[in-house]
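2 protein chains.
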Amino acid sequence: MHEAGRRARAAGRVVAAAEPGQKDAALYALADGLDAAGAKLRAANARDLAAARERGLDAALLDRLELTPERIDAMAAGVRQVAALPDPAGEISDLRYRPSGIQVGRMRVPLGVIGIIYESRPNVTADASALCLKAGNAAILRGGSEAYHSNQAIAACIREALAGAGLPQEAVQVLETTDRAAVGALAALSDFVDVIVPRGGRGLIEYVSEHARVPVLKHLDGVCHVYIDEHAHPDKALAVAVNAKTQRLGTCNTMETLLVSQAIAGRVLPPLAARLREAGVELRGCERTREWVPDAAVATEADWGAEYLAAILSVRVVAGLDEAIEHIHSYGSGHTDAIVTEDLGRARRFLREVDSSSVMVNASTRFADGFEYGLGAEIGISTSKLHARGPVGLEGLTSLKYVVFGDGHTR
Amino acid sequence: MHEAGRRARAAGRVVAAAEPGQKDAALYALADGLDAAGAKLRAANARDLAAARERGLDAALLDRLELTPERIDAMAAGVRQVAALPDPAGEISDLRYRPSGIQVGRMRVPLGVIGIIYESRPNVTADASALCLKAGNAAILRGGSEAYHSNQAIAACIREALAGAGLPQEAVQVLETTDRAAVGALAALSDFVDVIVPRGGRGLIEYVSEHARVPVLKHLDGVCHVYIDEHAHPDKALAVAVNAKTQRLGTCNTMETLLVSQAIAGRVLPPLAARLREAGVELRGCERTREWVPDAAVATEADWGAEYLAAILSVRVVAGLDEAIEHIHSYGSGHTDAIVTEDLGRARRFLREVDSSSVMVNASTRFADGFEYGLGAEIGISTSKLHARGPVGLEGLTSLKYVVFGDGHTR
Chain A
1122 MHEAGRRARA AGRVVAAAEP GQKDAALYAL ADGLDAAGAK LRAANARDLA
1172 AARERGLDAA LLDRLELTPE RIDAMAAGVR QVAALPDPAG EISDLRYRPS
1222 GIQVGRMRVP LGVIGIIYES RPNVTADASA LCLKAGNAAI LRGGSEAYHS
1272 NQAIAACIRE ALAGAGLPQE AVQVLETTDR AAVGALAALS DFVDVIVPRG
1322 GRGLIEYVSE HARVPVLKHL DGVCHVYIDE HAHPDKALAV AVNAKTQRLG
1372 TCNTMETLLV SQAIAGRVLP PLAARLREAG VELRGCERTR EWVPDAAVAT
1422 EADWGAEYLA AILSVRVVAG LDEAIEHIHS YGSGHTDAIV TEDLGRARRF
1472 LREVDSSSVM VNASTRFADG FEYGLGAEIG ISTSKLHARG PVGLEGLTSL
1522 KYVVFGDGHT R
Chain B
1122 MHEAGRRARA AGRVVAAAEP GQKDAALYAL ADGLDAAGAK LRAANARDLA
1172 AARERGLDAA LLDRLELTPE RIDAMAAGVR QVAALPDPAG EISDLRYRPS
1222 GIQVGRMRVP LGVIGIIYES RPNVTADASA LCLKAGNAAI LRGGSEAYHS
1272 NQAIAACIRE ALAGAGLPQE AVQVLETTDR AAVGALAALS DFVDVIVPRG
1322 GRGLIEYVSE HARVPVLKHL DGVCHVYIDE HAHPDKALAV AVNAKTQRLG
1372 TCNTMETLLV SQAIAGRVLP PLAARLREAG VELRGCERTR EWVPDAAVAT
1422 EADWGAEYLA AILSVRVVAG LDEAIEHIHS YGSGHTDAIV TEDLGRARRF
1472 LREVDSSSVM VNASTRFADG FEYGLGAEIG ISTSKLHARG PVGLEGLTSL
1522 KYVVFGDGHT R
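The listed protein sequences derive, respectively, from chains A and B. For the first sequence, the numbering used here assigns the number 1122 to the initial residue and increments by one for each residue that follows. For the second sequence, the numbering used here assigns the number 1122 to the initial residue and increments by one for each residue that follows.
Check the hints yourself; a few may be wrong.
A pair holds if it fits inside one copy or across any two, identical chains being indistinguishable in the list.
What the hints assert, rightly or not - Derived SDA-like pairs (lysine to any residue); straight-line CA-CA distance at most 20 Å:
#1 Lys1161 <-> Gly1321
#2 Lys1357 <-> Cys1407
#3 Lys1339 <-> Leu1472
#4 Lys1339 <-> Ser1311
#5 Lys1357 <-> Arg1128
#6 Lys1357 <-> Thr1531
#7 Lys1161 <-> Ala1277
#8 Lys1339 <-> Ala1309
#9 Lys1357 <-> Val1524
#10 Lys1357 <-> Arg1532
#11 Lys1357 <-> Gly1222
Simulated from the structure, these hints should not be mistaken for laboratory data.
Put together the whole structure using the sequences plus the hints.
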């Protein structure tokens, strides 16, 4: 692992100094290579799928693992999309003269070497590599054992594309080892790895955090809330709440708890419960909720902190905005929270006081996404507070250094 | 410590939601309080100084510890300066409509609770508290045992100022315990502390990094370089190099190693050596350096990585820009490095390729400083790559969250 790190550091310096055109050439070559390697990728993927079926993995995991022709097309298209983004590296901003006569500004620069640890979905191998390269970084990727052959087949395409563009093949290393000790070793390589991005379940992320000696960009639970304020427009409240819960059940930006102001509960809860029931959502409510929705199950303390990722919603009636914010700070995960209100003062307070990576007014939590935000692509959604919060795109894979220009200036 | 963290988290939410005017009122009250408490502060400081003398602490440390009337004035003036800065919290930037119809922007928000661990200089108690408060954060400070009475006297002024402005006194807690275990406990409070800022020697910073379960804004060694390129103007090269080494010897942005291109060594090294010798600087050179400066000592491998913080300079003659960059990446600490050249192409490469928190052209490394850069004040100089690099002011004590505005928008 030490050797992989050393090679990545050296390759990272070459990528950081490369012209944008050279990096883009590698990315377009990768997209073409993925298109051309369709049959090979599917054969490798078939081996992974067979092994996964033999091990009795569940249908959801098998689905995430599968590389269909459409998914290979989408993977290549994603890489082309990243190639077409403006190059973030080298941009100088805020360059100003200071009283001393020097000019001081900030230059956006690559982070260096990014470690990425992920599970099942093989498309991450291409997506994450493309983002890291575009930002001028080297990457060390460690995918899950269930996608071993698929990941290695994609890695072969990446190596070929790098070599074709005259960039070092070590700029993207897809580790062959899939045992967990490698994860800990990678996260501890403080001389050679600048940040670790774990993508996967809570178990993986906690394991990485525990072993990390380098900064971790965490993507933890999404316990997302929608708060329907007493000054909400009922139609908008229904639309936002139903969409936030049902548009997709298993994503981190799906609403898990609905908070409703007491003053409007009688007006919105009965029709909302009917709409959600129709969509097959099980409701678990507090006592006051059950006055309006008698067939809701009784919510327990455990429900308020739960990320169901399923057709279940906990519902709580609160006295008003203060109690809603208090609830979100006590039980939320700092991912995405929304208020529905027509009242500017309350919207203003919710935006300022709710301490989450995305805070919304009159919009579905499902919008918390790199593509929806216009980042072009995302490497994850950070619930960390430092460096990058919310959807992380190219900018999150860079940092700012100071640049100073003088003409022999001294202090 | 757990209880201190819990209280800080609660107080932090109040400070984050406070109006700028309320925070500023607390800061101006603190400045006035420091002015008024001059005699008390000096009496407390006298106890610390007496104890330090008894323990035989060295003169440099005694000097850093002392609170003279001028230093108390400067401390109050510093707090007023921070109060006068624009409030960073709540600023919304990049607010744009997206194709879906939502508006997406970013709001600058406080980090929450900042842990600050520092040694000797008691003025840090006031400076750091002021910066944290201004940015909307709560702070937990743990000063060194040698400054115990001084820090507690300043803490009393801070509590009074907070109470006078109607802010919770727990927004700034100066810990009474000074044993090292408290440092580890503070750095491990992941539920209540958002970032730890250690200010002090390498030992302290390594101890904190080892025990931290929260992100650390590191301020590590400054092994700073000046590279004199063959296209340097000799007068500017001399001015910059002499200033970078001699303007102050003990600061982290002082030059520790001089690199000189072989082609210009004969022209600049002899006069530069004379100037530095005059200033009392001991030179340790590579073999090629000693051809031009025969009385320089022989530099050993250990010299290239040394942060002398003293009147010693290591000097190396390199083949050119590539070897200079290579040397900086091998031995530098990523703090501040400068090139002296009139050649735009070489300046451009140095700026892009040298991976340090400040990279300079034709300016003394001594400019790497929050005040010189116009940050108004600084809480330290970060050699970390993530979140904040280089001098860290108010912006480094905040992060950006996404804000989304819709009108009942769904996905």
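Each hint, compared with the structure:
1. In this homomeric assembly, Lys1161 and Gly1321 never come within 20 Å of each other (Cα to Cα): the closest approach is 26 Å inside a single copy and 56 Å across copies.
2. Taking CA atoms no more than 20 Å apart as the test, Lys1357 paired with Cys1407 passes in neither setting, with 23 Å inside one copy and 74 Å between copies.
3. Taking the shortest Cα distances, Lys1339 and Leu1472 never come within 20 Å of each other, neither inside one copy (23 Å) nor across copies (31 Å).
4. Taking the shortest alpha-carbon separations for Lys1339 and Ser1311, both the intra-copy value of 17 Å and the inter-copy value of 13 Å come in at or below 20 Å.
5. Taking the shortest alpha-carbon separations for Lys1357 and Arg1128, neither the intra-copy value of 54 Å nor the inter-copy value of 38 Å comes in at or below 20 Å.
6. In the homo-oligomer, the alpha carbons of Lys1357 and Thr1531 lie at most 20 Å apart only across protomers (9 Å), although the nearest pairing inside one protomer, at 61 Å, exceeds that limit.
7. In this homomeric assembly, Lys1161 and Ala1277 come within 20 Å of each other (Cα to Cα) only inside a single copy, at 11 Å, whereas the closest approach across copies is 71 Å.
8. Within a single copy, Lys1339 and Ala1309 get their C-alpha atoms as close as 16 Å, and across copies as close as 17 Å, so both meet the 20 Å cut-off.
9. Proximity of Lys1357 and Val1524 under a CA criterion of 20 Å is satisfied inter-copy only: 18 Å between copies versus 48 Å inside one chain copy.
10. Proximity of Lys1357 to Arg1532 under the C-alpha cut-off of 20 Å is restricted to the inter-copy arrangement: shortest distance 13 Å between copies versus 60 Å within a copy.
11. For a Cα distance limit of 20 Å, the shortest separation of Lys1357 from Gly1222 across copies, 15 Å, qualifies, whereas the shortest one inside one copy, 55 Å, does not.
The structure fails hints 1, 2, 3, 5 (numbered hints given earlier, in ascending order).
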